[in-house]
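Enquirer: Listed here are the chains, written in short residue letters.
Protein chains: 2
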Amino acid sequence: ARPKVGYLYSGQSVNNMISDFIKNLKVENIKSSPVIVSEDTTVYDAIVTLFLEDVGTIYIHSGGLLTGVASRKDFLKIALGKTDIHKVPVGIIMTRMPNIAYVKDDDSAYDAAAKIILHEVDSVPVVEQVCAENGKTGYKITGKVSKTNITRLFFDLCNDKLGGL
Amino acid sequence: ARPKVGYLYSGQSVNNMISDFIKNLKVENIKSSPVIVSEDTTVYDAIVTLFLEDVGTIYIHSGGLLTGVASRKDFLKIALGKTDIHKVPVGIIMTRMPNIAYVKDDDSAYDAAAKIILHEVDSVPVVEQVCAENGKTGYKITGKVSKTNITRLFFDLCNDKLGGL
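Order-wise, the sequence lines are chains A and B. Each residue of the first sequence is one higher than the one before, starting from 1175 at the first, in this note's numbering. Each residue of the second sequence is one higher than the one before, starting from 1175 at the first, in this note's numbering.
What the hints contain is simulated information worked out from the structure, not anything from laboratory work. Warning: the hint list may mix true and false statements.
Remember, identical chains collapse to one label, so a pair may be satisfied in a single copy or spanning two.
Below, computed lysine to aspartate or glutamate pairings styled on EDC-like, alpha-carbon distance capped at 16 angstroms [stated by the list, open to error]:
hint: 1; residue 1: K1197; residue 2: D1281
hint: 2; residue 1: K1247; residue 2: E1202
hint: 3; residue 1: K1256; residue 2: D1228
hint: 4; residue 1: K1247; residue 2: D1228
hint: 5; residue 1: K1251; residue 2: D1228
hint: 6; residue 1: K1314; residue 2: D1279
hint: 7; residue 1: K1314; residue 2: E1202
Remember, it's a predicted structure, so these values are computed and weren't measured experimentally.
Next comes chain A alone, as it looks inside the complex (with noise of 0.2 angstroms):
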C-alpha cells in the first residue's frame, strides 16, 4: 500500500520535516498487544507468560486496571535471589503505580519514545482513564509501545510500509 504521507515540502529542513512527521504519528497507530497478569500470580507463572507471549515486559492489573510493570531485568534479579518464586506474587516484586511512565492512544510515537528514553524503561504501557467502581479514576491498559515498536517503526520508515498512517 502506497502512504498517503507523500506531501512535498520546500525550503523546510529535513529535520524539521522528520520532526513533524514523527510527531504526527499516533501511538494508538503503533501500539501492540500487552500481556496482563493479576497480582497475585505468582513470580514464576508471570516469567513463564512472558516467555510463552515472548514479550520483554509484564504489565499487572488488579480489577482490571494497571496496578504495576515487571520487566526481564525485575525477574533475573529476582531468580538470582533466594525468594520463592513459585510462592512469592508478582505484585510484591513490580514497580507499582504511581512510579510507572504510560502513554495514551492520542500521544505520539515521538513522545512514547521520550518516554522510554528518559524513564530508562523498555516499554511504556499505552492507558485509557476510566472511573473504577469505588469512583476512584484508574488506568485501564489498551496496549503498549516497546523499543521493538519504536525500532520496527523505524525500519517500516525506510520501507514505505507505513501506509495509512
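Place chain B on chain A using the hints.
Expert: Frame of chain A, contents of chain B only:
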C-alpha cells in the same frame, strides 16, 4: 549545535527523504560501548556484569575475537533451571558464531535496525574483520547497536540533537 543536514528538498515524498536520511546515518556514529567477557566467565559473573554495566546483552570473546552473545532472556532461562550458574561458564549457554547477526562501522542505522528486527534480537555487535594468529579471520568487537540506540536516535531526530551526523 545546529545539524549540518539542512538540505532543501522539493518534489520528493517525506518517506523518501526520511529513508535517505536514515540510510546515510552510519553505524560508527550511533554505536555505543560493548560489554565483553571471556568464554570462561561463569554465568553468575556474567549476570553480575550485566547488572553493574546496566546492559541487556553481553558479548563473549575468545582470544579477543567475538565468539558469542548472551541476553537477559538467555540468562533468565538459565537462572530458572537447575544449572549451577556459579560453576557453568557463559561459553556453554551463549549463542555462538556463526549464528550471530552483526554490523560494521560503514553500515547504516537502517541496516542495524533491519538486522535487529529480522533476527529478533535486542542488539547487534559492531565488528571489524581481523586476521587471527592462526591465520583464520575473525571479528573484533568495536561497539554495539541496540534497540535503545535506535529508540534514542528516533528521539534525537525530533530534538535537533544530531549535529554533525
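Enquirer: Please list, smallest to largest, the hint numbers that this structure does not respect.
Expert: 2, 3
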